[in-house]
Amino acid sequence: MTDLNKLTIADARDQLRAGDITSAELTGACVSAIEGAGALNAFVHNTAEIAMEQAAAADTRIKAGDAPDMCGIPLGIKDLFCTKGVDTQAASGILSGFKPEYESTITTQLWDRGAVMLGKLNMDEFAMGSSNETSVYGDAINPWKRDGDDATLTPGGSSGGSAAAVAGDLCLAATGTDTGGSIRQPAAFTGIVGLKPTYGRCSRWGVVAFASSLDQAGPMTKTVRDAAIMMEAMAGFDPKDSTSRDLAVPNFEAMLTGDIKGKKIGIPKEYRMDGMPAEIAKLWEDGTAMLRDAGAEIVDISLPHTKYALPAYYVIAPAEASSNLARYDGVRYGQRATLAGGDAIDDMYEKTRAEGFGPEVQRRVMLGTYVLSAGFYDAYYNRARKVRTLIKKDFEDVFAAGVDAILTPATPSAAFGLGEMKDADPVKMYLNDVFTVTVNLAGLPAISVPTGTDAQGLPLGLQLIGRPWDEGDLLNTAYALENAAGFVAKPAKWW
Amino acid sequence: MLDLTYELPKPKVIAGAKHDWELVIGLEIHAQVSSNAKLFSGASTTFGAEPNSNVSFVDAAMPGMLPVINEYCVEQAVRTGLGLNAEINLYSAFDRKNYFYPDLPQGYQISQLYHPIVGEGEVLVEMAEGVARNVRIERIHLEQDAGKSIHDMDPNMSFVDLNRTGVALMEIVSKPDIRGPEEAAAYVTKLRQILRYLGTCDGNMQSGSMRADVNVSVCRQGQYEKYQETQDFSHLGTRCELKNMNSMRFIQMAIDYEARRQIAILEDGGTVDQETRLYDADKNETRSMRSKEEAHDYRYFPCPDLLPLEIEQEWVDDIAKTLPELPDAKKARFIKDFGLSDYDASVLTADTVSAGFFEATAEGRDGKLAANWVINELFGRLKKDEKDITDSPINPDQLGGIIALITKGDISGKIAKDLFEIVYTEGGDPAEIVDARGMKQVTDTGAIEAAVDKIIAENPAQVEKAKQNPKLAGWFVGQVMKATGGKANPKAVNEIIAKKLAQ
Amino acid sequence: MSIDKDTAARVAKLARIRVEDDALPALANELSNIIGFMEQLNEVDVDGVEPMTSVTPQRLYRRTDVINDGDQQGAVLANAPDAREGFFAVPKVVE
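Sequences listed follow chains A, B and C, in order. If you count by the numbering used here, then the first sequence holds residues 63 to 557, one letter each, in order. If you count by the numbering used here, then the second sequence holds residues 30 to 532, one letter each, in order. If you count by the numbering used here, then the third sequence holds residues 441 to 535, one letter each, in order.
One should not assume that every hint holds.
[As the list claims (entries may be wrong)] Simulated DEER-style distance windows between Cβ atoms:
hint: 1; chain 1: A; residue 1: Gly127; chain 2: C; residue 2: Gln498; range: 31 to 41 Å
hint: 2; chain 1: B; residue 1: Lys365; chain 2: A; residue 2: Asp308; range: 48 to 58 Å
hint: 3; chain 1: A; residue 1: Gly404; chain 2: B; residue 2: Glu354; range: 55 to 65 Å
hint: 4; chain 1: A; residue 1: Gly437; chain 2: B; residue 2: Glu254; range: 53 to 63 Å
hint: 5; chain 1: C; residue 1: Lys445; chain 2: A; residue 2: Leu401; range: 20 to 30 Å
[Claimed, not checked] Below, a list of computed lysine to aspartate or glutamate pairs in the EDC-like style, where the Cα atoms sit at most 16 Å apart:
hint: 6; chain 1: C; residue 1: Lys445; chain 2: C; residue 2: Glu460
hint: 7; chain 1: A; residue 1: Lys369; chain 2: C; residue 2: Asp485
hint: 8; chain 1: B; residue 1: Lys177; chain 2: C; residue 2: Glu525
hint: 9; chain 1: C; residue 1: Lys532; chain 2: A; residue 2: Asp409
hint: 10; chain 1: A; residue 1: Lys484; chain 2: C; residue 2: Glu470
What the hints contain is simulated information worked out from the structure, not anything from laboratory work. These figures come from a predicted structure and were not determined experimentally. For every residue, glycine included, the Cβ atom is placed at its ideal position computed from N, Cα and C.
Model the full assembly from the supplied sequences, consistent with the hints where possible.
Written out as structure tokens, the structure reads:
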């Protein structure tokens with residue numbers, strides 16, 4: 063049975079429960095797809111053997127009738143999640159050879175529910191990037207190409223491998239993480255759904271830390287329904303993560319009615335950036351109209367501090383990262399540089415980190431070190447945190463005024479070519495996150511939904527931002543948008 | 030509060046080559062919290078285990094690991110604050126202190142810079158009877174301890190053991206109120222005593238559960254008073270920090286050396302560099318720790334993995350109810366209720382076990398006598414045997430029994446010492462032993478008279494000599510004691526002999 | 441605010457990342473660029489605004505004082521580049 067890898071989680075679940083297919087068959091189809099997809103460079107460590115064992119166990123469970131929604135579903139896991147006994151590098155040379163002796167809370171929850179691990183997925187090194195071009199494994203490639211153009215495109219980042227794998231039907235879904243847009247932007251670039259939950263909804267234990275106050279894991283899936291199903295499996299309070307929230311996880315799928323009559327959808331004027339491409343503006347207008355037609359009330363809103371989100375993010379995230387990455391020092395795990403005779407401990411640190419960290423990671427670590435250093439703490443870090451308070455307050459005010467969700471573009475463009483940004487200054491690359499970083503700073507849930515294509519046939523996505531802890535409501539609005547948009551396009555298989 | 034008035038101790042004066050100088054000292058004590066598990070992980074705090082065996086993945090700073098605070102460690106910090114009469118901050122927060130060192134796996138230490146759990150408090154440090162200084166505490170905060178690096182196991186490598194990494198420390202910071210090396214040692218001693226009373230730190234300096242960083246500066250006479258008036262530090266000298274001192278004796282020696290070093294520099298027209306120094310006990314000198322490169326820039330910022338800690342007043346009040354009677358109060362009570370001297374009360378309240386032993390011994394008995402016996406006989410004997418009060422072969426009931434027999438008059442003081450030795454080495458009930466071995470004092474005056482008469486009758490020459498020189502009556506006392514096997518009541522013997530000789 | 445070569449060197453040292461002398465100017469340039477971008481934050485009126493400490497305020501979760509971890513020397517050392525006799529071995533640290 064071929065093409066089982068093209069199923070959604072929901073359909074696969076139904077067919078598994080009906081006994082029409084087995085997880086072994088489903089997993090086998092994905093394993094074959096992966097074998098033929100080396101050109102995408104999405105999977106960087108394959109765990110086919112483990113997958114088949116898990117599939118067999120899942121089949122037993124399904125037959126017994128005690129099978130959770132995710133049971134038997136083959137998934138890809140972003141290389142940022144610690145998977146016990148399986149290479150975990152965060153796409154960095156400094157963690158080459160590292161096999162954790164522990165499993166992240168989120169993946170533990172997925173395996174406990176019977177899901178199947180196909181392997182680890184490519185990403186930007188330490189989640190720092192928007193194009194998956196900083197990975198020690200090499201670039202991940204977008205399954206989509208421009209009409210009549212053979213150029214390879216970025217799948218976005220940092221969860222580029224996850225996005226490429228789901229869009230290319232190499233797995234039914236994947237885990238991602240989002241610190242400034244790293245789930246939502248790649249989802250938009252590859253025509254899939256990506257959800258970042260409220261900060262604290264998912265446990266960060268066992269997820270390699272980039273920026274502690276911004277990182278959140280989330281599902282990357284083919285449909286909104288799948289995101290709802292997988293989100294429920296990933297979420298939940300973890301006593302091992304002090305920043306996780308002790309809040310019950312609702313049945314998100316049950317909240318997908320598709321009915322958004324009377325919902326207030328905010329359109330923030332500050333997101334209409336200077337020089338916004340016409341296609342993006344149109345996509346946004348079309349999306350607004352779809353929601354209006356579905357019965358929602360559209361309101362113009364203002365989020366006055368929007369333009370300061372990127373600079374605030376690029377102070378806070380590198381600052382936290384510079385401290386979080388200090389542990390990669392060649393002492394207890396990962397790579398240690400080859401030393402010359404007479405090298406002392408500081409030489410070891412400096413050589414190890416210079417060799418092990420790629421240029422973007424080095425840049426951000428040094429930037430973060432600088433903004434925290436004596437004399438600059440108040441000017442940069444403290445000021446950025448105050449601006450963050452104001453950004454969060456912008457959203458709080460809007461929600462308090464009765465807005466249920468906010469609609470914005472997810473990205474300022476479609477996927478760009480790999481290598482296109484190579485000589486541009488780093489700030490230009492950072493601008494890719496302009497629509498998404500506000501959400502991480504405010505700790506809100508947000509989802510990217512594909513709603514159209516650009517003139518060259520590349521997918522484009524819209525972002526919906528929800529109230530804290532209201533992922534269910536947000537998913538439902540996204541569901542209505544997805545239904546209205548009717549985006550069903552798939553990339554033509556060239557690999 | 031106790032109503033005690035004290036005289037301030039005089040500041041130490043060191044005569045330099047040209048002038049007289051005074052010292053200004055502040056201490057930062059790192060005290061390991063007594064708890065089962067570490068501050069942010071569930072690994073054990075036990076000392077002396079196999080290397081890297083009391084280490085969780087959180088302690089080892091593996092990728093993706095996160096801290097979770099141990100509530101009991103917070104409780105112990107609050108308890109310490111209450112025991113030092115300090116302000117408890119219901120809101121406190123954790124900051125990261127960033128630097129690279131192999132025994133600091135995270136590359137940062139989780140500490141509390143901006144919002145410590147405990148604010149200002151005080152410690153009464155007595156230098157002599159009626160002479161004391163109230164040393165003010167600036168703050169107490171919680172922080173992680175680091176691991177251990179061993180540098181002498183290999184010529185080219187250092188070896189790292191993370192067992193101690195993450196153990197909870199309380200950093201107790203004093204204000205610069207201390208004015209001499211003896212005062213500094215007395216302060217550390219008193220603080221250690223209070224922590225042990227509270228049960229929040231075992232104060233074991235040899236094993237490193239308590240260490241002191243000593244800040245020393247010198248100033249000319251009159252400058253300190255100017256500082257006190259204005260709170261302006263420019264009136265004081267530049268201070269140097271002597272790190273990781275773990276011996277009372279070395280603290281004093283190090284302060285003395287350092288003060289003289291600074292005085293020599295200043296009298297020579299130089300300036301003292303503010304720096305961190307280490308004390309070398311073998312050479313009795315301090316030397317600079319600062320490497321040729323820049324001083325550390327710790328880049329403190331709030332730890333994003335931990336939310337601010339907010340505790341409730343009710344919880345603090347509940348902890349306050351569990352506080353034991355503290356040394357100052359216990360000492361005052363011993364003086365008042367048992368009529369003890371200041372010195373004796375100090376010795377007996379050095380720790381709660383000794384104090385408890387004494388109180389049990391003294392219950393319903395002569396307090397002063399009990400104090401005398403506990404301090405001089407028992408402690409003396411235990412010290413000779415290199416035993417601790419907790420290993421005392423004689424218990425309060427037994428010792429109290431001996432004291433009761435003395436008070437009752439059943440045995441003399443001298444016999445009591447023999448009895449003590451018997452009970453100490455063989456055990457048993459003192460009253461029973463006295464009966465069994467016929468150790469009871471002879472107080473029957475008739476029997477004593479008979480014995481005296483006999484001796485007088487047998488020694489007429491001595492009688493004549495004694496009548497001339499009353500001092501020689503002592504010979505008769507000795508003879509009567511010998512004749513009665515030491516059991517005659519000495520007081521009665523003396524009286525009867527005196528009476529008979531006068532006849 | 442522009443970052444000069446010496447500052448770049450100092451930052452690299454603090455971050456324990458070796459940057460060769462001839463690469464320092466480029467690094468200084470890059471960092472200056474990004475810092476320049478951040479200076480937009482100076483436009484914001486932050487008077488009286490509290491710096492955000494936690495994005496979703498809640499009561500800090502506390503653990504009880506039980507020993508439920510550790511006792512896993514093997515696992516702790518499993519990924520070590522140089523483990524000897526139960527210790528992590530590193531090049532000599534000069535005090």
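Hints violated by the structure (numbers, ascending): 4
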